[in-house]
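Colleague: One-letter residues, chain by chain:
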Amino acid sequence: MKRREIVGALERNRSKWGWAFVAPGLVFFSVFSFYPMLNAIWTSFFNKRLLSLKKPVFIGLQNYQKVLGSEDFWNSARATATFTVGVFVPLFIMSLLFAALITNMKRGKRFAQAALYSPAVLSSVVAALIWLLMLDPRGLANQFVNWISMTPGIDHQWLSSATMVQVSTMIVYVWKYLGYFTILFVTGIGKIPDSVNEAALMDGAGPIRRFFSITLPLLRPTTVLVSVMILIQCMKTFSTQYLFTQSGAPLAPINVITLNIYNTAMRDLNIGRASVMSTLLFLLMLGLTWIQLRTSRNSEADL
Amino acid sequence: MMRKYRETVGSISGTIVLAIACALVLVPLVFMLGSSFMPAIDIMKMPYRWIPEVWKPGNYLRALAGNDGSWMYLRNILNSVLVSTSIAVSTVLLSSLVGYGLAKFRFRGRNAVFMAIMGTMMIPFETIMIPLYLIAVKAGMQNSYAGLIVPFLMNAFGVFIMRQYLITFPDEMLDAARIDGCSEPRIFWDIVFRNAGPAAATLAVLSFRQQWDNLLWPLLIAQDEQMKTIPAYIVKFAAEKHADEGAMMAVAVIASVPVFVLFFSLSKYFLGGSAVYQAGKE
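Read top to bottom, the protein sequences are chains A and B. Taking the working numbering, the leading residue of the first sequence gets 1, the next gets one more, and so forth. Taking the working numbering, the leading residue of the second sequence gets 1001, the next gets one more, and so forth.
One or more of the hints may lead you astray.
Using 25 Å as the maximum straight-line C-alpha spacing, the simulated PhoX-like pairs for lysine-lysine come out as follows [to be verified]:
# : chain 1 : residue 1 : chain 2 : residue 2
1 : B       : Lys1138   : A       : Lys16
2 : A       : Lys236    : A       : Lys66
3 : A       : Lys55     : B       : Lys1104
Some chain B residues flagged as far from chain A (calculated, every beta-carbon gap over 12 Å) [unchecked claim]:
# : residue
4 : Pro1052
5 : Gly1058
6 : Gly1109
The set of hints was computed from the structure by calculation and includes no laboratory data. The beta carbon of each residue, even a glycine, is placed where N, CA and C say it ideally should be.
Let the sequences and hints guide you as you build the complete structure.
Modeller: Next up, the structure:
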């Protein structure tokens, strides 16, 4: 009887300490994540302006109507979607290909990974700045492309034509994140048991056949994880587009959603409408992150 | 025999493709480094010379002094170092505290707390930046280190990493310390935190790197030149009318050296299995 009381008191004491340890987290995330999140949703129903002394007026869904009815918003949605697809396809294919090649290499694996990964270490702004100079009309990009296609003296307008400036932002992104996702794939492939591959080798399957019939299906948890990560990254892209537009590139083709939110709030001072776009972005991310969490939990169980 | 031959050819051509890819990926880095020592006119010369013909180390002086000679970059670098370091330290400290609480104590509502904290990962920063900005303005944190640091004191990813790591920490050691009469804060500090090495180091580097890269928030909260961090300085420097291309690349090199040193001195954590991925498994 006495013993049980002591154990009970200990348990209570322990649970008190548990709360004490997590308390800083609860306070922090309440103030800096949950409150601002609810506030963003709440504000999206108000006519609120930055720096204005007038009390915000409740206007129901009018902000949503305005945003969803505006060409500017759909332009941003298109710009973001174009960017996302334009980055996703090459980035996914190339990182998977390079990961497969690295896995098959006998020597130099570490060097290849380090080389491909090195741009990922740079700040996004630095990455964009390097490319800003290389994409200059007199820059390296024109020289290189003209050398390959043997068309000397042509300016490809990397930073001025609407399509090309979109392509340019995609190049910066693919270049920067290629190594990061390659390493994720290398790790994923490394987890596939050797015995499976050896069995296929015995059966006489060639390297390409082995890749498509064995590696790819067994790699599914990683491919889903990488896909979602790329999508999330792309939809949040900001630095490259911001630096390019600040340095004189046309805004409309690369006015991605985050850039639009920033400008709507800080330049047009329209907090209400910026909040609408924030809320829509959140809902989109929510779906994607949910998939990511689910698959990463499943892959833990699998491997 | 034929198969073996074909496989060798395949593996050689694979290596060649990879070598070309690596070379192409490294081109912009070589360009950055080389151009940072060139006069602007040589950077845009056709054909481009990879090794500077005329060396101009003065680019670095220009980069630090700025176009107006205010030496603002020095101050902004200092800001970045201070902000990123503080955030790295606090992230590790607070995340281990909370992670420890979630990993080693049983209490009612623990799972709810864990899920709630993990849930914040689904909130993109871009969504909450404006409310955060309004809060910070109300708290008078504009153009202050507090404003740059406080919203990033810890993050859900850090809590996750530390929890996963500390779950495997032997309970016997904790109980032994308790029997010896060690207080709970002492146990955390002297036993748990001291042994959180690898996970803490990874988390510290990742947090440092993330803040070093942060542009959006400093853009909002630190509009004062004095309080800008490196990324915001770079955008301003590059957009100026008389910006010198060589100096731009010098600015870029200076901004990159710390993170390169940090990453490649700790490369065993990041290559051959990225830390992020490592953190995802128990």
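Colleague: Under the constraints set out in the numbered hints, which ones does this structure not fulfil?
Modeller: 1, 3, 6
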